[in-house]
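K.L.:
The primary structure of each chain is shown beneath.
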Amino acid sequence: MPRIVPPRKNPVVDMTAMCDVSFLLLTFFILTAKFKPQQAVAVDVPIAHSQKTFTDAITILVDKDGKAYISLKESQTRYAMIDELVTRFGDKYPNLKTLTDEQKKIFSLTDTWGTSIENTNTVLALPPNEFKAYQEKQMQGIPFDSLHSQIGDWVQAARYATDGNIKIAIKSDKNTSVSHVQQIVKSLTQRDIHRFLLITTLSGGGEGETPAEGGEPKTP
Amino acid sequence: MADIDTGGGGGHGKHGGGVRSKKMSTRVDLTPMVDLAFLLISFFMLTTTLNKPKAMELNMPKKVENEDEKQDVSECQVMSVLLDTLDQVWYYEGLQVAGLQKTTFAGDGGIRKQILKKITDVPKNCPPMRSGKPREAVILIKMLKGARYKNMVDILDEMDITGAKIYAIQDPDPLEEEAVANGGNARAVEERVSQ
Numbered sequence: 001m002p003r004i005v006p007p008r009k010n011p012v013v014d015m016t017a018m019c020d021v022s023f024l025l026l027t028f029f030i031l032t033a034k035f036k037p038q039q040a041v042a043v044d045v046p047i048a049h050s051q052k053t054f055t056d057a058i059t060i061l062v063d064k065d066g067k068a069y070i071s072l073k074e075s076q077t078r079y080a081m082i083d084e085l086v087t088r089f090g091d092k093y094p095n096l097k098t099l100t101d102e103q104k105k106i107f108s109l110t111d112t113w114g115t116s117i118e119n120t121n122t123v124l125a126l127p128p129n130e131f132k133a134y135q136e137k138q139m140q141g142i143p144f145d146s147l148h149s150q151i152g153d154w155v156q157a158a159r160y161a162t163d164g165n166i167k168i169a170i171k172s173d174k175n176t177s178v179s180h181v182q183q184i185v186k187s188l189t190q191r192d193i194h195r196f197l198l199i200t201t202l203s204g205g206g207e208g209e210t211p212a213e214g215g216e217p218k219t220p
Numbered sequence: 001m002a003d004i005d006t007g008g009g010g011g012h013g014k015h016g017g018g019v020r021s022k023k024m025s026t027r028v029d030l031t032p033m034v035d036l037a038f039l040l041i042s043f044f045m046l047t048t049t050l051n052k053p054k055a056m057e058l059n060m061p062k063k064v065e066n067e068d069e070k071q072d073v074s075e076c077q078v079m080s081v082l083l084d085t086l087d088q089v090w091y092y093e094g095l096q097v098a099g100l101q102k103t104t105f106a107g108d109g110g111i112r113k114q115i116l117k118k119i120t121d122v123p124k125n126c127p128p129m130r131s132g133k134p135r136e137a138v139i140l141i142k143m144l145k146g147a148r149y150k151n152m153v154d155i156l157d158e159m160d161i162t163g164a165k166i167y168a169i170q171d172p173d174p175l176e177e178e179a180v181a182n183g184g185n186a187r188a189v190e191e192r193v194s195q
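Quick note, the sequences are listed as chains L and V, same order. Reading the first sequence from the start, the letters are residues 1 to 220 in the numbering used here. Reading the second sequence from the start, the letters are residues 1 to 195 in the numbering used here.
None of these hints come from the bench; they were simulated from the model. Being a predicted model, the structure only gives us computed values, none of them experimental. Where is the CB? At the ideal position from N, CA and C, for every residue including glycine. All the pointers check out, no bait thrown in.
Label pairs and their computed distance ranges (CB to CB): (1) L:191 with V:57: 11 to 21 Å; (2) V:27 with L:102: 54 to 64 Å; (3) V:48 with L:52: 13 to 23 Å.
So that you can see chain V by itself, here it is in the shape it has in the complex (with noise of 0.2 Å):
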C-alpha cells in the first residue's frame, strides 16, 4: 500500500554510463491521513452535540377561580413532603402534622420508597372520586425557608422516577415549618395549637 517510494535513486553508476534516474512514483498513500481526518471528525461531531445542556420540565398550575374546575381530592389522597435546610427530608400522609417523619433522599429506603408506596396505597385504600374513577396519589411539596435549590430538583427528579402524576409545590404553613423545627415533635405543637 505505502507507495512512497523511497529507493535510493537512479545510483551514480561506478562503471561509466550515463546518470539514469530511476522513475519514482509520485502516489502518496493517504490512508493514515484519512484516518486520522475521520478521527477528529468523530471528536468534533461528538463534543458538538453531548455538550447541549440537559434540563428538567417544570409546569406550575394556573391559577382557578372556577369552582367546578377545581379537584376533587381527598385527604387518604395525599401526602406531603418537606425539604428543609440540611438536605433532610420529612414527610406525613393526610393532613395530620403528627405523623412527620425524617427520611433522607438515598436511593433505596429514602422517600422514593414512601412515595412509591403511597403511589399503589392510594387506589387501593381510597374511596373511589365522586366519577368512579380510582384515585391517585397527591405529593404536595413543600420548601422551608432557606433549603437549597438542589434539594427542589432532587424531589422534582424523584417524582419523575417514581412517576408521581401529581402534585405541586406549595408554600409550608406556620404549622409545618414549627414541626420541623422542633425535630418532628409534632404532636407537642398540634396539641398546643388545638388548646
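The following block holds chain L by itself, in its conformation from the complex (with noise of 0.2 Å):
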C-alpha cells in the first residue's frame, strides 16, 4: 500500500485578498471619516471627568462674552428646523414669512447660526463672499433674555422638526459668565425643558485635576 505522502505546501501566503480586504477598510474609515468642522465660534469647554457621549443634539454655543448660537449637525434637520420655525414662530416674527426656499437652503448649509431672527432674511439675502465674512466675524449671537427668548424658539423648532427626539447640549467657554448660562436654563425650564447635556472634555489635559488651583485667576 502506498503511504499517504501530504501535500507539501508552499509556506508563503497569498496576502493579495488580505491586502483588498484592508485596502477596503481602509478606503471606508477614510471616505466615512469628518474633519472637524471649522469653529465659527471659539469656545473652550471646562474639564470635567463624566464620560458621557451623545448623539443628535442641537447645541447651544456661549461664547466668552455671553453671546450665543445654535448649532446643529445635520443639515437636514436644519431645514427641518427653519421650516418648523416659519410655521410655528411665523405670526411672531412675520419676516420669516417672507423666507424664499432658497434661502432656507443656505441656511440649511450653515453650521452655526447667530442671527436674531428678526435679522435673519437680511443676512441669507447677503452675497456668498459677504454672508463667508459676516459667519466669521460679525455674528451678533441669538438674544436670550427671559421675555423675548428667540434661542428657545430655535430650540422648539427643533424639537417640532425632530418630534422630540433632540438633546439640548449646552457648550459654553470656561470664562463665560454663570449667569448668562443660567438665563439660558432659565428661559428654556419656562418652556417645559429640563434636561440639558453640559458639554466637558476629559480631565487630565492642560489643568490637571485640580482645575481651581491650576486655573488661570480672572478678576472681571
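Fit chain to chain and form the complex, with the hints in mind.
P.N.:
Shown next as C-alpha cells:
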C-alpha cells in the first residue's frame, strides 16, 4: 500500500486577498471620517471627569462674551428646523414668512447660526462672499433674555422638527459668566425643557485634577 | 517570503548560445502593504471614535405647584455651597450664614471632603423623615453674579464624584452675597439684619 504523503505546501501565504480587504476598509474609514468642522465660534470647554457621549443634539454655544449661537450637525434637520420655525413662529416674526426656499437652503448649509430672527432674512440674502465674512466675524448672537428668548424658539422648532427626539446640549466657554448660562437654562425651563447636557472635555488635559488651583485666576 | 526576484536576469552568456531569459517570479510580497493598511485602519478607527464630545447631564426641577409633592427637608440636612468670582468656594451648613467658611476645589481637603462628610453625617445625626426613611444630604449650589461657568461645571462634577444624590442650583439671597463680599465675616451681617 502506498503511503499517503501529505502534499507539500508552500509556506508563502497569498496576501492579495487580505490586502484587498484591508484597503477596502481603509477607504471606508477615510471616506466616512469627517474633518472637525471649522469652529465659527471659539469656545474653550471646561474639564470634567464625566464620560457620557451623546448623539443628535442641538448645541447652544455660549462664547466668552455671553453671545449665544445654535448649532446642528445634520443639514436636513437644520432645514426641517427653519421650516418649523416659519410655521410655528411665523406670526410672532412676520419677516420669516418671506423667506424663500433658496434662503432656507443657505441656512441648512450653515453649521452655526448666530443671528437674531428679525435679521435672518437680511443675512440670508447677502451675496456669498459677504455671507461668509459675516459668518466668520460679525455674528451678533441670538437674544435669550427671559421675555424674548429666541434661543427657546429655535430649540422648540428643532424639537418639533425631530418629534422631540433631540437633546439640548450647552457648550459654553469656561470663562463665560455663569449668569448667561443660567439665563438660557431658565428661559428653556419656562418652556418645559428640563434636561440638558453640558459639554465638557475629559480631565487630564492642561489643568489637571485640581482645576481651581491651576486655572488662570480672572477677576472681572 | 519576499518573492520579488531581483536576480540579474538570464544573463548574456559570453559563450555564444541563445539569450535565455530566466523565468521571473511575478509574485509580490504584500505583507508590508497589509501591515501598513491595517495601521492606517486602526488610526482612522481610533480617531473617529475618540473624537466624540463628552457631556454631563443637568436636570432642572419642574415647578411644583402641589404642596404635597414638595419634599420634606429639615435644616439639618442642608449644606449651601456658594461660588464666587475668584474661583473660591464658600459653604455653610443649615441656615446659619454665620457659619460661612472658605475652601477650594482642590481634590484633597477642598469642598469634596466637606460634601463627603455631610453625606455621611446626615443619616447619623438628623432625625428620620416623616415616612421613617433616613435623611440624605441636600446640597444647595448658589452661584454669585460673575462666577465663571467653569466653576459651575466643577461643582456639578464634584456632585458626580461624591455621589451626592440631592442637589439643586439656586439663586443666592442678598444676605449670602453680602457675607461672601465681606470675606466670610457673616456674623456682622447677620447681626445687622436681625436688628
